[in-house]
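*Asks:* Letter by letter, the chains look like this.
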Amino acid sequence: MSGPVPEGGSHPVRADDVTATDAAATSTGRTGVDEPPRALAAPAPSPGSFAMAAVVAGFALYLTHGLLTLDAVEAEEGPGPAFFPTLIMVLAWVVAVGLVIDAIRQRRTAAGHGARPSTSGPASPGGTTGAQLRAPGTAEDRTDESAGTDWRSVVLVAATFAIFIAVLEPLGWILAGTWLFWGAAQSLGSRRRLLDLGVALAIASIVQLAFGAGLGLNLPAGVLGAS
Amino acid sequence: MESLNDLASGFSTALTPINLVYVVLGALLGTAVGVLPGLGSAMAVALLLPVTFALDPTGALIMLAGVYYGGLFGDSITGILLNTPGNSSAIATTFEGHKMALDGRASQALATSAIGAFTGGLIATTVVALGSPLFASLASAFGPAEFFALTAFAFVATAFVVADSALKGLAALVIGFTIGVVGIDSQTGTVRYTLGLPELFDGIGVVVITVGLLALGEVLFVASRRGHVGGDELVSVRGRPFLSRAELRDALPAWLRGTAFGVPFGVIPVGGSEVPTFLSYGTERRLDARRTNPMFGRGAIRGVAGPEAAGNATAGTAMGALLVLALPTSATAAVLLGAFQQFGIQPGPLIFEESGDVAWALIASLFVGLFVLLVLNLPFAPLWAKLLLIPRPYLYAGISVFAGLGIYVSAGSVVDLWLLLLLGLLGFLMRRHEVPLAPVLIAVILGPIAEINLRRTLAISQGDLGALVASPMTVVVYALLAVAVVLAVVGKVRSRRSADV
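Chains as they are written, first to last, in the working numbering: chain F, 3 to 229; chain V, 11 to 511.
Think of the hints as simulated: they come from the structure by calculation, not from any bench.
Since the model is a prediction, treat every value here as computed from it, not as a measurement.
From the three backbone atoms N, C-alpha and C, an ideal C-beta is built for every residue, glycine too.
Mixed in with the good hints, there may be bad ones.
Under 7 Å between C-beta atoms, here's a sample of chain V residues computed to sit facing chain F [as the list claims (entries may be wrong)]:
#1 Leu180
#2 Ala181
#3 Ile185
#4 Phe187
#5 Val191
#6 Asp195
#7 Thr198
#8 Tyr203
#9 Tyr404
#10 Tyr406
#11 Gly414
#12 Leu415
#13 Glu461
Make a model of the complete structure from these sequences and hints.
*Replies:* Printed below as a string of structure tokens:
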């Protein structure tokens with residue numbers, strides 16, 4: 003679907019692909035008014051990515067480890083507590099191997115043709131319905147916008163959240179919540195530092211009032227709750 | 011007509027002032043979340059679930075009923091005005107809806123979609139109200155083998171129909187199963203997969219899983235695409251928000267046909283309303299091509315009416331399947347099932363006997379919610395669109411804050427927040443690699459149910475696998491599964507062909 007893409011050294015070239023994910027309804031880039039819904043766009047991982055295979059293999063390992071260390075209380079009758087995990091462990095390893103094979107195959111195709119194969123090709127038993135309903139030509143329109151994944155922002159958001167978790171109980175909701183809102187807004191590209199800080203403080207305080215005082219939910223007071 | 015009496019008493023519960031407030035509040039919040047791009051009703055329910063813990067179960071479920079339908083009303087507003095559907099269920103509506111908006115008929119498109127959502131939801135909810143007691147008495151004869159067949163149906167259908175490729179669907183299922191087995195085995199008391207952490211003995215909470223995968227995962231995904239987000243141009247809305255008689259006549263058959271597509275799909279677990287909305291879109295398109303003056307491509311009112319009715323009809327009967335069979339047919343329904351369990355209500359054939367008052371109040375609030383939503387959406391749709399003026403960084407920062415808040419107050423522990431972060435990263439990776447999220451949620455919720463029923467079946471039959479297909483009912487379910495998969499694949503191939511513009 004996308005046009006031929008030049009080869010770029012040993013690393014496979016990342017061509018843009020517009021495939022619908024389940025609800026990735028975020029817009030991409032500037033678009034003409036005649037285009038089909040922009041929500042169908044998703045950033046393209048490099049062809050034949052092993053990341054999902056690694057994730058599933060990790061889950062399979064966890065299942066295996068859990069089974070080996072399982073201190074099972076046997077059932078009085080019928081299959082015991084290890085029965086179902088064994089089934090899913092086998093399935094997990096099969097899927098992990100399948101994903102690796104799939105990734106290798108896609109990588110080969112990509113290297114052979116210099117273009118990324120469509121993920122919803124004829125081999126798969128039917129892609130997401132939205133993917134098939136887009137008009138042809140959109141992929142080309144978007145090729146110039148395939149800047150790839152902004153890992154810096156992802157790490158910043160994740161780190162902001164991790165710090166929020168760490169300081170929530172010692173510092174209390176208002177300070178931690180302010181940090182989370184401010185940090186996330188900054189990581190997502192907001193540039194008005196002071197205004198953002200005010201908005202963040204306001205939101206954290208409103209939440210404290212509405213949920214802590216109003217609904218009686220338990221929010222940590224932290225250092226501000228000395229009284 | 012005993013069920014009519016029960017329904018009447020349900021209405022008397024739902025129409026008390028405080029419960030009415032909950033429905034309106036739920037409808038408002040649901041529409042708001044639905045309008046925002048990328049956030050669908052599954053996330054609306056997940057994010058607002060912790061808030062409802064402060065209410066009594068009936069009030070909480072009534073509010074969630076408003077949220078449930080509200081998300082579906084809201085998502086098409088964004089699609090029509092911005093060409094960015096709020097959720098996957100609104101993609102089909104967006105094609106003709108946005109063209110209508112560009113053609114200066116934005117208010118008519120919004121009205122068509124609101125009335126369509128109302129019609130589909132109303133008919134489907136009526137089917138549920140009248141049919142589910144009957145269905146429940148049929149289903150009360152189900153034994154463990156039948157329930158295992160139903161769960162197997164849900165797994166295969168979601169993995170093979172929703173997913174881009176069957177392998178990715180299976181990967182999502184495996185992830186869900188694994189998360190689902192964490193905790194103490196209910197039959198023997200064996201501690202499994204907890205790494206010795208006492209916080210995990212009760213398993214990983216459904217709220218943590220949904221908020222992590224859907225909300226935080228979405229925030230991280232949006233972060234990964236900074237620089238992709240360009241200027242959005244909102245089509246302004248002018249003119250009357252109501253339809254002329256000719257437009258009503260034009261849209262009416264499409265509303266009804268869309269509903270007819272949606273109603274059966276509510277009980278088939280193919281991950282929500284995407285398939286029926288696209289089937290409806292394809293049908294309207296084919297019918298339109300035969301008319302003397304085809305409108306598709308120029309903003310056809312039927313292209314909005316059909317899919318929108320189909321989407322809400324699916325959601326309506328999905329609620330029935332959830333109540334009577336405890337079978338979630340979409341991600342949203344899976345989250346709702348988790349919510350029921352948190353409130354100590356076990357959906358299933360016995361629900362009308364064990365928690366009849368709550369169940370009928372819920373069904374009645376679905377009706378009330380639809381009327382509230384029609385009022386909220388028909389004249390005020392342009393106002394809702396103003397939500398899109400919130401700067402994106404604030405929007406997603408706000409979602410992060412709500413995710414953290416919700417998980418902390420519902421669990422009261424920092425361990426769950428760390429789990430939330432891990433699940434958010436997992437959700438991000440899955441989005442990035444186009445692995446569907448709905449099968450994960452369905453596997454998390456139904457995995458343990460499948461396990462119990464499988465083990466019970468084999469315990470009764472003393473290990474004989476033939477017991478799984480011994481009763482006619484199980485054979486019927488497995489046969490239906492085969493038919494559903496074939497039909498879905500055929501339908502997709504067809505819509506692929508018909509849509510090559």
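*Asks:* Give a verdict on every hint.
*Replies:* Do the hints match the structure? See the list:
no., hint, result
1, Leu180, "holds, 5 Å"
2, Ala181, "holds, 5 Å"
3, Ile185, "holds, 6 Å"
4, Phe187, "holds, 4 Å"
5, Val191, "holds, 5 Å"
6, Asp195, "holds, 4 Å"
7, Thr198, "holds, 4 Å"
8, Tyr203, "holds, 4 Å"
9, Tyr404, "holds, 6 Å"
10, Tyr406, "holds, 5 Å"
11, Gly414, "holds, 6 Å"
12, Leu415, "holds, 6 Å"
13, Glu461, "holds, 4 Å"
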